[in-house]
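Got chain H sorted already, so can you dock chains Y, U and X onto it with the hints?
4 protein chains.
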Amino acid sequence: MAQRRIGLWLLGAKGGVATTSITGIVALRQGLTGTQGLVTELPLLAGLDLVQWPDLVIGGHDIRTVSLFDEAMQLAQVSHAIDADLIKKCQADLDAIDRNIRPGTLLNVGPAISKFADVDLQQKQETPRAAIERIQADLAAFAKNHQLDQVIVMNVTSTEPPLESELPTRWADLAKLLEKPKECPLAASSIYAIAALELGFPYVNFTPSLGSAPEAICELAVERDTCHMGHDGKTGETLLKSVLAPMFANRNLEVMSWVGHNIFGNMDGKVLDDPVNKQTKVRSKDRLLKQMLGYAPQTLVSIEYIASLGDWKTAWDHIHFKGFLGTPMTMQFTWQGCDSLLAAPLVIDLVRLTERAHRAGDRGLLTFLASFFKSPLGTTEHNFIKQFAMLEEWAERVGK
Amino acid sequence: MAQRRIGLWLLGAKGGVATTSITGIVALRQGLTGTQGLVTELPLLAGLDLVQWPDLVIGGHDIRTVSLFDEAMQLAQVSHAIDADLIKKCQADLDAIDRNIRPGTLLNVGPAISKFADVDLQQKQETPRAAIERIQADLAAFAKNHQLDQVIVMNVTSTEPPLESELPTRWADLAKLLEKPKECPLAASSIYAIAALELGFPYVNFTPSLGSAPEAICELAVERDTCHMGHDGKTGETLLKSVLAPMFANRNLEVMSWVGHNIFGNMDGKVLDDPVNKQTKVRSKDRLLKQMLGYAPQTLVSIEYIASLGDWKTAWDHIHFKGFLGTPMTMQFTWQGCDSLLAAPLVIDLVRLTERAHRAGDRGLLTFLASFFKSPLGTTEHNFIKQFAMLEEWAERVGK
Amino acid sequence: MAQRRIGLWLLGAKGGVATTSITGIVALRQGLTGTQGLVTELPLLAGLDLVQWPDLVIGGHDIRTVSLFDEAMQLAQVSHAIDADLIKKCQADLDAIDRNIRPGTLLNVGPAISKFADVDLQQKQETPRAAIERIQADLAAFAKNHQLDQVIVMNVTSTEPPLESELPTRWADLAKLLEKPKECPLAASSIYAIAALELGFPYVNFTPSLGSAPEAICELAVERDTCHMGHDGKTGETLLKSVLAPMFANRNLEVMSWVGHNIFGNMDGKVLDDPVNKQTKVRSKDRLLKQMLGYAPQTLVSIEYIASLGDWKTAWDHIHFKGFLGTPMTMQFTWQGCDSLLAAPLVIDLVRLTERAHRAGDRGLLTFLASFFKSPLGTTEHNFIKQFAMLEEWAERVGK
Amino acid sequence: MAQRRIGLWLLGAKGGVATTSITGIVALRQGLTGTQGLVTELPLLAGLDLVQWPDLVIGGHDIRTVSLFDEAMQLAQVSHAIDADLIKKCQADLDAIDRNIRPGTLLNVGPAISKFADVDLQQKQETPRAAIERIQADLAAFAKNHQLDQVIVMNVTSTEPPLESELPTRWADLAKLLEKPKECPLAASSIYAIAALELGFPYVNFTPSLGSAPEAICELAVERDTCHMGHDGKTGETLLKSVLAPMFANRNLEVMSWVGHNIFGNMDGKVLDDPVNKQTKVRSKDRLLKQMLGYAPQTLVSIEYIASLGDWKTAWDHIHFKGFLGTPMTMQFTWQGCDSLLAAPLVIDLVRLTERAHRAGDRGLLTFLASFFKSPLGTTEHNFIKQFAMLEEWAERVGK
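So the protein lines, in turn, are chains H, Y, U and X. For the record, in the first sequence the residue sitting at position 178 is 708 according to the working numbering, with numbers rising by one throughout. For the record, in the second sequence the residue sitting at position 207 is 737 according to the working numbering, with numbers rising by one throughout. For the record, in the third sequence the residue sitting at position 95 is 625 according to the working numbering, with numbers rising by one throughout. For the record, in the fourth sequence the residue sitting at position 250 is 780 according to the working numbering, with numbers rising by one throughout.
Derived from the structure by calculation, the hints contain no laboratory data. All of these numbers come straight from a predicted model, not from anything done at the bench. One should not assume that every hint holds.
When chains are identical, the list treats them as one kind, so a pair holds in a single copy or across two.
[As the list claims (entries may be wrong)] Calculated cross-link-like contacts (lysine-lysine; reagent style BS3-like; alpha-carbon spacing at most 27 Å):
1. K645 / K706
2. K645 / K710
3. K852 / K916
4. K916 / K712
5. K852 / K800
Only chain H is shown next, with the shape it has when bound in the complex (with noise of 0.2 Å):
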């Protein structure tokens, strides 16, 4: 792939998700990290001709303006997740990066979001259409000024209120929406979406928010000849839930109950504190089980702010489950993560194998992907060792 420059655009580029994806890139390039978490750096991948770390050029929309080696040495010294002395390392870079990040857009993020953007931006007045053409042309702009062969755009913004009203099922019934701003019920990450993929460009939805899911967006991407995927990626407490579901199932063993408690203390929590907020991330955690299993047990899920914690999420979970002579049987989890260090390494996988996909002439929805997500559009397997296997399909395909 030599000579080719690829672009990363994420949406959300001072958050932490964005700055540990950031920080990593910087540390893998200048080789002071090793390839722990990066599905794209195992044996069974390799081959694949992927993007390597110095031919990628990062840039990205955010609503705040703090620098990303703050951010970054905030999750060291509150967090005690990256060790300070590489983030100082990577300062340079990460202050070059900074100089490639626009100002955002906050569209119906709802005051959760939009309470932490910067006050010009919340005094901003424009239309879906309008923020679309400001969008366009910060991508257009980074293309060029950074001679990029290719744009992924990468959300990783805060979670959106879910969207309750419905929406024109055609792209061109939906595109005259976005010029009546009180009409148009599209948040940011649809907002995004569209941009993007009006220009070709590949776009990934990271969060649980609505991003290029609606059957509208999906047909102009398929017209603008791209590809895209999302969404909400499957870091911790859902992962396992896709590798245990099914072993309950395949043994026959009855799950009663299921219940997940996760308590995190980072800005992502913060907003996810506003129950409007958290009803999108709790629909998209919880609606798995009965699709894995067939049927459906009782189930909980809260996620719940705690400040002390920082970026280290917890999760306990409780499963209750139904044994031989109908015995109650009981299996506990608890899951100790680094919530930005868990989704930084698949944001990276992610913009690597769309990029690859796209290459390689996919176009759509790649479902191939759906490993990497806990509600993955175009697909209904939700079996993460049978959502790993399709990944391997799509290498052996590639790889050729």
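Positioned in the frame of chain H, the structure of chains Y, U and X alone reads:
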């Protein structure tokens, strides 16, 4: 499969696993219980023409002369694991099955097991060949008296010490050793296997003991045109390892250490309290991580006898893994399952599937049963979901 | 204490706690069970001349007309919490006690409770004073028919919604309100308390409801020369908090956050599923940390209804604390206890100790019983070991 | 206490506990850290005129010649336990303290410890008496060079194997043995104790090794008009046992079994991997349950070395208890604490309190310090809250 009558011959017929399996079959026959835990009752295994509950006739060997009813009541009263009322309804059937149980053999089982045997049996002196002939006479009488079309021999005895010496790899050479009691290192589990296979009866080893694993015995099975499989039923902690380890591997999360502590209080626990017997078990539990991860993390497995737990086995596993940027994270789980109730449905599944496979012409090792075993013979696949796919493929082939 | 006969009058006499308490007393009387869980059977409380099992006569109020035997069998069959055989042996006695149970009152208990009541009771219209007189008639008849020397009234009803309005602080003023149903905000727990105390009978509130806590009712108790105590039996998670929090405090380990999630599936759980009633409970559970630590860490307490658990309450607590050099550390615990079986022995202890204290001349609030309550009235001591020392000191004084 | 200068002489001065204690004192002196974990900084111990940070002078013995700075950086970089920046700010002070550390003795410490020692020390041959004189010369020089008013000798070396032979009970007889290297079974911890006490310096044994526990050495302490205490700092799992076991006892909940599995990866862990040394530790951890409960439940304690954990000790405890009506219930906890950081503040507390007690005239065993030890000498009280009350009473007496 009308008119076919199938014998289930249990080695260790009065132990916890056998007692629960027998009680379960009786209860299923009487319509007293549901089918939770039975893999063969999953919709995706329907249509295979498996043996039905009324067509199963049960007998076996044991080294103790307690009654099945009393053993089952222990599980109700000491372990709170089975409903006492259900057992009482099964009493007449259990008493009838008691009459089909013959004295087993103590050859090379070691003192931790033989101390529980009846005094008569402890004093018996016979060559391996004589023991085989006695066992075969019991099996033949069972088949004849009950007009059976097939007998499946299932080993659910206590764990024997590991065999430290080398065995001849050809059946002809091993057969000669059976005449020489002092030179023959084979223990009961293999003696039973030879007895069954020589008669052409399928043999399944649900325990970590050696059973039919030696190459020479595999040769015998093929020579007598029959089938067999083992070993060590995958019931609890190891089942979890076989779905969790692939998840860590596929996500490139580096497992640094995996500690598993198991406590339980049944008879099996007492036998495993002998360090020699425990070694056989721990080896079987510890082996698969390296095969699934591709490298060997530091591991620790303990199994300890805690009387108050009765048949409830509790496992605590602590998995320490390295994520992105080298950050250590932790998963812990506890598993509180009733050992006999986890094992019994698998025993019943194995009888049905082995009988069906033999009828379908399968000979030698039944590797499609890998998902049922901690150390499946004839395959290196330990990923539970992939093992289960092997079962599904078999079912598809046979079910046509 | 020869010849003295003591009445135990249970409010909520058919609920899980009462049913278990009654079954326990009957089983103890018949010598069918041990004394685990009974504080009053500890050697260090011997020699206090407490009421013996044969001298206890049981009656009560309830809002449902189920039978005690059926309720007890539920605990055996649904929750696997009590041995069914034991209950069957108690059946005759339980049936006899059923005949001592009278219809209770639903005054201001809220819909989450009243929906479980018999239809007759739901339609009953009476002033608080009329309800009190009806209750007193029941109590007087009970005492007379059974020739009782004393009656202890014990509240084990479901949790009422919190009282939001202010009450008069003098009994004379509160008494007037009882004639005015629309102005009187008191709920059943306080109505029962007034009924008992006016007759000079001791009253104990085992629930988080208001009961005898109002200052005016405390005045009544003293005026009628009797004693009372409450509230909210300290059975599980909070008991643990009351030994663990002092440990963190004494070691100067700074608790940054304490999260407690509780799941259970009994009738109490259904009532607490109503957010209004839950509030009363959560307040009671959450209050004591600040008092024991001397500062308020971030806390989170949830109580959720999970049907499959029956009477088994499972709590997961996550305690995040800062150690030397500011390093964060973590303690987690899970508690799997049978709610009714943890409460019942304390109810029995409280009857015996309250009766003895009254006999010894104690009047007003029995603060020496603080160790039994989540929110003990009349004391700010929450450290369990120090509370227990108060009991020991009382026993020493009385036992002389 | 103006003008008084106090020496802290650490045995095992380069080990994890000592390194952390020293770093902590330096950091406190420089105002770089808070006082979490220090019992002596609790408000209720204020006003005791304890030694202040600038008045503490530190020295010690060790068997290795690594630098304190390097050891401290290990805790930062391997275990993520201390902030590296803090250590760098302390470097000059740590280097200065390095110069006060002298070669220790390996007498009877066993191969698991001596293999870590410098080669010179491994080859040294001296009688116990000669070792004592060498140690005393070091102590005297330290006191003189730094013009110290008092020296507290604190043992934080690795755990020695248990002493299996009997010792003379009178000091006069034991003293004679010190001349006979082959007959004297005393190991280093006791040799150091004798050296200190003979000079009248207080001695505190923070390890499970024998130290000053023998009756003859207690006699020596009194004879030389000084004080001492031990043994085995109560830092984690045992601290929890000492609050939880009294709770079970006071509630008459019958503990049937208590299982505790400990895993950790520091140097102490390597030494304890030797089964002989481990025995000393396990005995100390296991002893107290019977004393607190009044009966002996089945117990199991394991301590295992898991390299990846570094200084983080993780304990899983499973407590199986019988409640009312004989129903079994379960409590489990996990404790994730940094071993050195839990121990260090207690070491500092013990120095301050021991110095103060000696100044107040306390001689012999300082039993009021029981709350700091797993196996406190001179008392059978193991209930932490009651032990803490002993400290409070002492503080009240001394503080007047």
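Hint check results:
1. With identical chains, the CA atoms of K645 and K706 are never at most 27 Å apart, being 29 Å at best within one copy and 52 Å at best between copies.
2. In the homo-oligomer, the alpha carbons of K645 and K710 lie at most 27 Å apart inside one protomer (24 Å), although the nearest pairing across protomers, at 50 Å, exceeds that limit.
3. Taking the shortest alpha-carbon separations for K852 and K916, both the intra-copy value of 25 Å and the inter-copy value of 24 Å come in at or below 27 Å.
4. In the homo-oligomer, the alpha carbons of K916 and K712 never lie at most 27 Å apart, since the shortest distance is 43 Å inside one protomer and 52 Å across protomers.
5. For a Cα distance limit of 27 Å, the shortest separation of K852 from K800 across copies, 22 Å, qualifies, whereas the shortest one inside one copy, 37 Å, does not.
When held up to the earlier numbered hints, the structure conflicts with 1 and 4 and fits the remainder.
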